[in-house]
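Per the numbering used here: the sequence shown ends with 708, consecutive numbering throughout.
Please keep in mind that the hints were generated in silico from the structure rather than gathered at the bench. Beta carbons: idealized from backbone N, C-alpha and C, even for Gly. Keep in mind that the hints are not guaranteed to be accurate.
Stated by the list, open to error - Have a look at the derived ranges for each label pair, beta carbon to beta carbon: (1) Y568 with K627: 29 to 35 Å; (2) E441 with M668: 37 to 43 Å; (3) D696 with P588: 46 to 52 Å; (4) E541 with Y568: 56 to 62 Å; (5) S650 with A462: 38 to 44 Å; (6) E424 with A453: 48 to 54 Å; (7) T414 with A693: 35 to 41 Å; (8) E590 with D493: 33 to 39 Å; (9) M668 with D549: 42 to 48 Å; (10) E420 with P588: 42 to 48 Å; (11) T458 with E550: 24 to 30 Å; (12) R602 with K627: 47 to 53 Å; (13) E541 with G475: 28 to 34 Å.
To be verified - Straight-line Cα separation of at most 25 Å, SDA-like style, residue types lysine to any residue; simulated pairs: (14) K527 with P450; (15) K604 with K476; (16) K476 with P450; (17) K565 with A462.
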Amino acid sequence: MAAPSSLKPSEYTPLTLLRVAELAKEAGFPDGVINVVNGAGGEIAQQLIAHPDCAKVSFTGSVATGEKVRRSATSSGKRVTLELGGKNAALFLNDLSAQAMVNGILEAGYLNQGQICAAAERFYLPQEKLDTVMTLLRQRLSEIVPGSPLDEKTVMGPLANQVQLEKVLYLIQRAREEGDTIVYGGETLPGEGYFLQPTAVKVRSKNSTLMHEETFGPVCSFIGYQNEKEALSHINASPFGLAASVWSENMSKALRYAEDIDAGMVWVNMHTFLDPAVPFGGMKGSGIGREFGSAFIDDYTELKSVMVRY
Numbered sequence: 399m400a401a402p403s404s405l406k407p408s409e410y411t412p413l414t415l416l417r418v419a420e421l422a423k424e425a426g427f428p429d430g431v432i433n434v435v436n437g438a439g440g441e442i443a444q445q446l447i448a449h450p451d452c453a454k455v456s457f458t459g460s461v462a463t464g465e466k467v468r469r470s471a472t473s474s475g476k477r478v479t480l481e482l483g484g485k486n487a488a489l490f491l492n493d494l495s496a497q498a499m500v501n502g503i504l505e506a507g508y509l510n511q512g513q514i515c516a517a518a519e520r521f522y523l524p525q526e527k528l529d530t531v532m533t534l535l536r537q538r539l540s541e542i543v544p545g546s547p548l549d550e551k552t553v554m555g556p557l558a559n560q561v562q563l564e565k566v567l568y569l570i571q572r573a574r575e576e577g578d579t580i581v582y583g584g585e586t587l588p589g590e591g592y593f594l595q596p597t598a599v600k601v602r603s604k605n606s607t608l609m610h611e612e613t614f615g616p617v618c619s620f621i622g623y624q625n626e627k628e629a630l631s632h633i634n635a636s637p638f639g640l641a642a643s644v645w646s647e648n649m650s651k652a653l654r655y656a657e658d659i660d661a662g663m664v665w666v667n668m669h670t671f672l673d674p675a676v677p678f679g680g681m682k683g684s685g686i687g688r689e690f691g692s693a694f695i696d697d698y699t700e701l702k703s704v705m706v707r708y
């Protein structure tokens with residue numbers, strides 16, 4: 399027997415789940431199985447979580463809000479799944495060509511304007527190839543012209559809202575103040591909409607703000623390494639552990655690094671690819687539980703044992 403679900407979308411994207419509910423109804427779902435509650439976050443979410451008929455809570459969003467949801471849900475004994483923020487890393491090994499690295503960077507960091515929880519924001523490149531990659535990347539980024547998502551020629555759209563645009567611009571300004579190098583971008587575009595140039599930043603050190611704070615925008619930070627193990631150590635020093643990728647022509651070596659990275663999802667020679675059969679979720683501050691796969695089903699069901707003497 400299926401349990402009814404109440405879905406609360408972001409107030410910035412209220413229409414998508416309404417369409418999902420319509421499709422479910424068209425597919426024959428009984429009324430009341432899927433319910434969509436729109437509106438501002440805070441109070442509505444608290445009422446949904448606190449409702450006595452709510453047995454399970456799943457939240458996708460920021461770390462700060464996720465902690466509030468966790469406390470509220472667990473205080474009343476409810477199970478909770480959290481898919482929170484991250485500062486995802488991509489490690490490029492030295493056997494790759496500079497052009498292959500650029501192709502991987504574009505895939506890992508700029509898809510959907512970086513507005514994907516699993517998008518890479520920290521890029522670790524061999525020091526000897528860093529400048530060459532930056533030159534090639536600057537050229538490729540200059541060819542990207544953000545535009546309307548309704549135009550089939552568009553490959554990069556706007557940020558979700560004014561608040562998000564201002565946050566990203568603030569972090570770019572912090573990078574300038576800290577002495578990081580803006581390789582390309584960093585500026586808004588004229589006209590209506592929350593458009594920002596795809597941005598690449600070569601940071602001065604691993605302590606730069608952009609190496610630690612999630613931008614959730616088309617901003618990628620790059621740092622060179624002399625030693626792969628040192629790069630791995632810094633990747634794992636993050637309080638987050640949602641996703642990462644390793645790029646190399648040496649598959650056995652790439653798989654060893656994939657095993658050593660503290661992240662719930664690690665790709666090899668690709669990034670941001672999801673399969674409904676493969677569990678997805680974070681370690682450390684990036685969340686609790688998994689989405690997709692059998693682990694997802696386990697999170698939404700109770701295990702019950704019945705023993706019979708006969």
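Right, here's what the structure says about each hint:
1. The hint said 29 to 35 Å for the Cβ distance between Y568 and K627, and at roughly 34 Å that hint holds.
2. One distance hint, 37 to 43 Å for the beta-carbon pair E441 and M668, holds here, with the actual separation near 41 Å.
3. Range check, D696 to P588: Cβ separation about 50 Å, and the 46 to 52 Å hint holds.
4. Take E541 and Y568: their Cβ atoms lie about 27 Å apart, and the range 56 to 62 Å is violated.
5. For S650 and A462, the Cβ-Cβ distance of about 40 Å falls inside the hinted range of 38 to 44 Å, so the restraint holds.
6. A hinted range of 48 to 54 Å for the beta carbons of E424 and A453 is inconsistent with their spacing of about 27 Å.
7. Hint check: T414 to A693, Cβ distance near 25 Å, so the stated range 35 to 41 Å is violated.
8. For the pair E590 and D493, the supplied restraint of 33 to 39 Å is violated, since their beta-carbon distance comes to about 45 Å.
9. At roughly 27 Å, the beta-carbon separation of M668 and D549 lies outside the given 42 to 48 Å, and the hint is violated.
10. Taking the beta carbon of each, E420 and P588 are about 37 Å apart, not inside 42 to 48 Å as hinted.
11. Look at T458 against E550: about 29 Å separates their beta carbons, and that is inside 24 to 30 Å.
12. A hinted range of 47 to 53 Å is violated for the C-beta pair R602 and K627, which are about 22 Å apart.
13. A C-beta distance of roughly 54 Å is found between E541 and G475, which places it outside the suggested range of 28 to 34 Å.
14. Our distance criterion of 25 Å between C-alpha atoms is broken by K527 and P450, whose separation comes to about 58 Å.
15. Distance restraint check for K604 and K476: the Cα-Cα separation of roughly 39 Å exceeds the 25 Å cut-off, and the hinted pair is therefore not satisfied.
16. The suggested pairing of K476 with P450 holds, with an alpha-carbon distance near 10 Å, which does not exceed 25 Å.
17. Among the hinted pairs, K565 with A462 is consistent with the structure: their alpha-carbon atoms are about 15 Å apart, no more than 25 Å.
In this structure, the earlier hints numbered 4, 6, 7, 8, 9, 10, 12, 13, 14 and 15 are contradicted, and the remaining ones agree with it.
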